[in-house]
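**Q** Sequence:
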Amino acid sequence: MRKYLAILILLLPVSFFSCKDSKTETKSVNDNNPEEPRIVNIINFVRLLEPRIPEFTEEVLYNTVVEQVRIMRQYKLRGTFLLQYDALMDPRYQQLMKSLPRDTFEIGGWLEIPQPLVENAGMKWRGRYPWDWHANVGFTTGYTPEEREKLADVYMSDFKKIFGYYPESVGCWFIDAHTLGYLCDKYKISSSCMCRDQIGTDGYTVWGGYWNQAYYPSRLNSYMPAQTEEKQIPVPVFRMLGSDPVRQYDKGVPPGEQGVMTLEPVYKPAGGDSTWVSWFFSQLVDGESLEFNYVQAGQENSFTWRRMEKGYRIQMPLIAKLRDENRLNVETLGESGKWFTEHYKTTPATSMTVSRDIDTGNLKTAWFDSRYYRANLLWENNHLRIRDIHLFDEDLPSFTTNGVLTTTYSEFFTLPFVDGYRWSTKDFVAGMRLKCNVGGKDVPVEGKDPVFTENEPGKLQVSWPLTSIPDTLVIKMDEKEITMELQGNENWYLELSAAESAELPFRDISEKRVDCVFEGLGYHVTSPAGRFIKTGNALKIVPQDGRISLGMSDRD
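Heads up, our numbering is the position in the sequence shown plus 464, with the first residue counted as 1.
Some hints here could point you the wrong way.
[Unchecked claim] Pairs of lysine-lysine, DSS-like flavour, derived with a Cα cap of 30 Å:
no. : residue 1 : residue 2
1   : K562      : K624
2   : K732      : K785
3   : K695      : K809
4   : K732      : K774
[Claimed, not checked] Ranges between beta-carbon positions, derived for each pair:
no. : residue 1 : residue 2 : range
5   : Q538      : E806      : 27 to 35 Å
6   : E519      : G922      : 48 to 56 Å
7   : D649      : R770      : 37 to 45 Å
8   : P515      : T999      : 48 to 56 Å
9   : D567      : N866      : 37 to 45 Å
10  : Y873      : G904      : 44 to 52 Å
11  : K695      : T917      : 27 to 35 Å
12  : D979      : P929      : 32 to 40 Å
13  : E920      : R977      : 23 to 31 Å
Treat the hints as calculated values from the structure; they're not laboratory data. We put the CB at the ideal spot given by N, CA and C, even for glycine.
With the hints as extra help, turn the sequences into a complete structure.
**A** Okay, structure coming up:
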């Protein structure tokens, strides 16, 4: 799903405390760097065929995997190959995968749904080709819960017949909560992976979720992080593809689909460019992060070796070098999943920060995720824009958990409070901005470079020295709350603005609470310090005793 010309994307989730048997022995490379490790999973997922481009023959796709194996072995890199069912049943792939040492290479499942899997499960194939990327055919979401269980049983049974064991990891662009929970409960998978955030790519939208690293999904909604252990699927879902933390978010604005700036080796100026790759990994390993930082490297074979070779030869030596310097842990997906469940009973608060932009750019950013919300801060031209805040609620069900998707496209969302992409147009950039009254005029506040620190476990602190006024803005984000403080000035505020055409979720704005409704679910944000004021179709927040606080965890 995600191919050349039409690029594809989507993915899946996980569950409860650990679906793995507690007796399973776990060896983690993280033992070399136990405090806030930087982890890379090299994940290559494998399809038998590509019906959209005739020159991408089965032989071309197979040789792509052979070359991926060769270069990984050259640099002694651990990694994971996830096999779609049609590749799983092909003798060439079986022989190649069986030849790989299990202590270095993990073989797992890629749960897109091709024709042989459907027919072996006793159902009629509805696709246009033996593999069809449309969301109502090529994903579990196009089948009833009972049919999904049959598909999973056939895949797992045949995998075990071939390899002698069940796979520990099963990934996809998107796997519904029913299927993910079933794979966890019955087959004890330890890990899953899912597509990065995107709008419209190949007809798939996944937007507003836990932005990077990994999370435990809700039993009702595999894209939604759970807040409680009781309602989560105990399998960590790792976000794939390594989005550029600065530029991917704003790559293209509505209407239409986003462009792609990711670690995928086929893309320039991103994963196929040596300058970008060096910059990305420097921020991954040296940037301030909470708990751990993570990226998925690798590529689906559908892009072919000719297109990915340059990027692969840029990335693999660098990953090996950082591993040898003990700055990066190279693991299989299964190892990372078991490490995660050993360390976290619920989804932790994590972050990814960029304090140095690529080349001569001056953009800086901080992504923060917890089981309650995500937030993104962006500094551009010495100004701060809060680009994104989405809330998470384990009780928001997804239609795809039990319903059958009939459309060729799919959409998965969380709960927006600030959406700097979907509320923007080509002529207006949405977001929440810091303003101050200077000389009788309200103007955007300017400052120097922000400094990111973790002064307390689970809390990201941002100190931003200002130049518009003699003060420093201190922002603190923990799993339940965002606070902002300016002690030397009361004439500042946050202003949220959106394009006139944007459909905002706000239903009632009072001084201490903003009530919202999105996809039929009510939710709210509170202000323990400061107060909300309605402005046009949006709002502003003014401080109380120099402080603004946004409460994100109240689900009553």
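**Q** Taking the hints in turn, state whether each one holds.
**A** Hint by hint, here is what the structure shows:
1. Note on K562 and K624: the hinted pairing holds, with a Cα-Cα distance of about 12 Å set against a maximum of 30 Å.
2. Straight-line distance between C-alpha atoms of K732 and K785 comes to about 22 Å, which keeps the hinted pair within the 30 Å bound.
3. Distance restraint check for K695 and K809: the Cα-Cα separation of roughly 12 Å lies within the 30 Å cut-off, and the hinted pair is therefore satisfied.
4. Note on K732 and K774: the hinted pairing holds, with a Cα-Cα distance of about 11 Å set against a maximum of 30 Å.
5. For the pair Q538 and E806, the supplied restraint of 27 to 35 Å holds, since their beta-carbon distance comes to about 31 Å.
6. In this structure the supplied range 48 to 56 Å holds for E519 paired with G922, their Cβ-Cβ distance being about 51 Å.
7. In this structure the hint that D649 and R770 lie 37 to 45 Å apart at CB holds, the actual value being about 42 Å.
8. Distance hint check: the CB atoms of P515 and T999 are about 52 Å apart, consistent with the given range 48 to 56 Å.
9. For the pair D567 and N866, the supplied restraint of 37 to 45 Å holds, since their beta-carbon distance comes to about 40 Å.
10. Range check, Y873 to G904: Cβ separation about 51 Å, and the 44 to 52 Å hint holds.
11. Between K695 and T917 the beta carbon distance is about 33 Å. The supplied range of 27 to 35 Å therefore holds.
12. A hinted range of 32 to 40 Å holds for the C-beta pair D979 and P929, which are about 36 Å apart.
13. Taking 23 to 31 Å as the suggested C-beta distance range, the pair E920 and R977 conforms, at roughly 27 Å.
This entry satisfies every hint, going by the numbered hints stated previously.
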